[in-house]
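Student: In case you want the letters, here they are:
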Amino acid sequence: MAMIRNKARHRLVAVSLILPYVAIFALVFAYPVIEVVRMSFTNAPLIGGGEWIGLGNYIRLFSDKLFYTSVVNNGYFVLLTVIPTTVIALAIALAVNRLSGRMQALVLVMFFTPYVLPVSVVTQIWAWMLDFQFGILQPVIEFFTGKPVPVFKNPNWVMPTVATVTIWWTNGFNVLLFLAGLRNIPTELYEAAALDGATRRQLFWRITWPLLWPVTALVLTLQLILQLKIFDQIYLLSQGGPFNSSYVLLLMVYREAFQLNHGGYAAAISLVLFLLIVVISVLQFQILRIGGKGK
Amino acid sequence: MNHQRRFENIALTCITLVAGIIWIFPLYWAFVTSIRSEDRVVSEAAGLLPDEFNISSYVDAMFNTSLIDWYINSIGTSLIITLVVLVTGMMCAYALSQMQFPGRRLLYGIVLASFMVPAQALVVPQFVLMNDLGLINKWGGIILPQLVVPVVIIVYKQFFDAVPKEMKEAVVLDGGGDYTLLFRVYLPLNWGITTALGIITFIMSWNAFLWPFLVITTEEMMTIPVGITQVNDAFGVAYARIMSVALLAAAPVVIAYLIFQKKVTEAVMISSGVKG
Numbered sequence: 001m002a003m004i005r006n007k008a009r010h011r012l013v014a015v016s017l018i019l020p021y022v023a024i025f026a027l028v029f030a031y032p033v034i035e036v037v038r039m040s041f042t043n044a045p046l047i048g049g050g051e052w053i054g055l056g057n058y059i060r061l062f063s064d065k066l067f068y069t070s071v072v073n074n075g076y077f078v079l080l081t082v083i084p085t086t087v088i089a090l091a092i093a094l095a096v097n098r099l100s101g102r103m104q105a106l107v108l109v110m111f112f113t114p115y116v117l118p119v120s121v122v123t124q125i126w127a128w129m130l131d132f133q134f135g136i137l138q139p140v141i142e143f144f145t146g147k148p149v150p151v152f153k154n155p156n157w158v159m160p161t162v163a164t165v166t167i168w169w170t171n172g173f174n175v176l177l178f179l180a181g182l183r184n185i186p187t188e189l190y191e192a193a194a195l196d197g198a199t200r201r202q203l204f205w206r207i208t209w210p211l212l213w214p215v216t217a218l219v220l221t222l223q224l225i226l227q228l229k230i231f232d233q234i235y236l237l238s239q240g241g242p243f244n245s246s247y248v249l250l251l252m253v254y255r256e257a258f259q260l261n262h263g264g265y266a267a268a269i270s271l272v273l274f275l276l277i278v279v280i281s282v283l284q285f286q287i288l289r290i291g292g293k294g295k
Numbered sequence: 001m002n003h004q005r006r007f008e009n010i011a012l013t014c015i016t017l018v019a020g021i022i023w024i025f026p027l028y029w030a031f032v033t034s035i036r037s038e039d040r041v042v043s044e045a046a047g048l049l050p051d052e053f054n055i056s057s058y059v060d061a062m063f064n065t066s067l068i069d070w071y072i073n074s075i076g077t078s079l080i081i082t083l084v085v086l087v088t089g090m091m092c093a094y095a096l097s098q099m100q101f102p103g104r105r106l107l108y109g110i111v112l113a114s115f116m117v118p119a120q121a122l123v124v125p126q127f128v129l130m131n132d133l134g135l136i137n138k139w140g141g142i143i144l145p146q147l148v149v150p151v152v153i154i155v156y157k158q159f160f161d162a163v164p165k166e167m168k169e170a171v172v173l174d175g176g177g178d179y180t181l182l183f184r185v186y187l188p189l190n191w192g193i194t195t196a197l198g199i200i201t202f203i204m205s206w207n208a209f210l211w212p213f214l215v216i217t218t219e220e221m222m223t224i225p226v227g228i229t230q231v232n233d234a235f236g237v238a239y240a241r242i243m244s245v246a247l248l249a250a251a252p253v254v255i256a257y258l259i260f261q262k263k264v265t266e267a268v269m270i271s272s273g274v275k276g
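First to last, the sequence lines map onto chains A and B.
If you read the first sequence in UniProt numbering, its first letter stands for residue 1, the second for the next number, and so on.
If you read the second sequence in UniProt numbering, its first letter stands for residue 1, the second for the next number, and so on.
In case anyone wonders, no lab produced these hints; they're calculated from the structure.
Remember, it's a predicted structure, so these values are computed and weren't measured experimentally.
There could be a bad hint or two in this list.
To be verified - 20 Å max Cα-Cα, derived EDC-like pairs, lysine to aspartate or glutamate:
1. B/138 with B/220
2. B/138 with B/69
3. A/7 with B/169
4. B/138 with B/219
5. A/153 with A/188
6. A/147 with B/44
7. A/153 with A/142
8. A/7 with B/174
9. A/65 with A/51
I would like the entire structure built from these sequences, with the hints used as guidance.
Tutor: What follows is the structure, given as structure tokens:
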């Protein structure tokens, strides 16, 4: 009898411990997940009910030219950021890992500080540095192209520039992951290989690269997911322009929901973006795992 | 051979240092701009080195914008978010790690799955919900959707799993319950990870842009990252003032990072699973 009472009590305590989180989760996460699905099948405005229109939003979406523009731009942005940031972060981590003591701390601060900045601070600073008239980087651009370029108003320049700003901002995070990975590699391996007369290049390709692969795969996956969700920098720097050349899916969600008052349609786009992220990241994870096994 | 290695090492260190200086240059440049007069900023003669110490644009930023309101909103909402996320997270993680109850595995599965869902995909229904609750343009509206941070539970559970069982037995023999265990044993043993998670949660909520941007409708309710985008419109092209506002906006997180460097780097490594 006492045992049963104890067990019931134990459960009650457990419930009281999980309840605060579960209640918040149910309200602001689980319920919206259900709602986004339901709304995507209605013609609801942002606020207020709508009518069930079945697959109407999806049919409209797949014949919306702007949707394809956005998907292509999302893909282009991923291409411009994911692999470059991974390579740059690995190079920086290798360089920082060689250093020690205060020197290492100082250099790490230089590379990591941008990561803690609010996105709008980052965009304000870069908008100033790239200002068409007075920007300090315009002479550099002029040196290479012969004339200053209004980077956020030029369809060819806008995405690479936003990608550069993004890499500058978020790269420190990847550097840290690589550093942690490098520290997990036993130094004895390097010592033994060095005794056998291995060169720097051999040390890297035979020890560092294969042992670091799980971290590299993690960085690639996290970056892919992060960069597919691009919104803030584009909204703040180019607003999707010029001529929609930096229009992306999340910007489309924002425009449709909050400026054009198409709640249902925006929900459908959100859901497609969500599915896209899940499918691509699962796919990438599988490919990377197979890639890792080959080694 | 030895000579060559040495030379290579010095050269590599120099290259790294130069790269670091280039990397941090935008922040340096923002600072130099912020302490110049507006005329000097756009003059041909202005060089790379600080040549003026003019704090008028900081004074302007402080008193001719709503920066003080934005600070209060950012500090208030970020502190509440951090506190609630940590407390609800550790309680839930403790139950998942140390207790038996029906649905335990299911709950953990949901926590892991929710980690996969991009919060940005939920902004439309979340906005509708906040509207139904009357929380648009309120602190509550800014805070509520930011309270679900599954990774805090995942990290806490890992650390609670690793606490030796003997620590538990002594308290249980003394008649202590699970709340005593959590707050007197498990939490004190994990202060390190708690501060690390706290700092990273604070920085994340301080920097949140999209959600506060959507849910706030008036200038005096804005948080720092949203508010400073208004400054362009207010000042026009006035880069000294824009840079002053940007640096004032960034100061709290940058200072927090510089003070707690080790904790911040540790938190980033642990919460992404490369170090446990």
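Student: Each of the hints needs a verdict: does it hold here or not?
Tutor: Comparing the hints with the structure gives:
For the given pair, residue 138 of chain B sits about 11 Å from residue 220 of chain B by alpha-carbon distance, which is consistent with the 20 Å threshold. Note on residue 138 of chain B and residue 69 of chain B: the hinted pairing holds, with a Cα-Cα distance of about 13 Å set against a maximum of 20 Å. Between residue 7 of chain A and residue 169 of chain B the alpha-carbon distance is near 18 Å, which keeps this suggested pair within the 20 Å criterion. Using a Cα cut-off of 20 Å, the hinted pair residue 138 of chain B and residue 219 of chain B holds, with the two alpha carbons roughly 12 Å apart.
Annotation: proposed proximity of residue 153 of chain A to residue 188 of chain A is violated, straight-line Cα distance about 54 Å (limit 20 Å). Taking the CA atoms of residue 147 of chain A and residue 44 of chain B, the gap is near 17 Å; set against the 20 Å cutoff, the hint holds. With a C-alpha separation of about 16 Å, the suggested pair residue 153 of chain A and residue 142 of chain A falls inside the 20 Å cut-off, and the hint holds. Restraint check for residue 7 of chain A and residue 174 of chain B: the C-alpha separation of about 19 Å stays at or below 20 Å, so the hint holds.
Between residue 65 of chain A and residue 51 of chain A, the direct Cα distance comes to roughly 25 Å. Violation of the 20 Å bound is thereby established for this hinted pair.
This entry does not satisfy hints 5, 9, going by the numbered hints stated previously.
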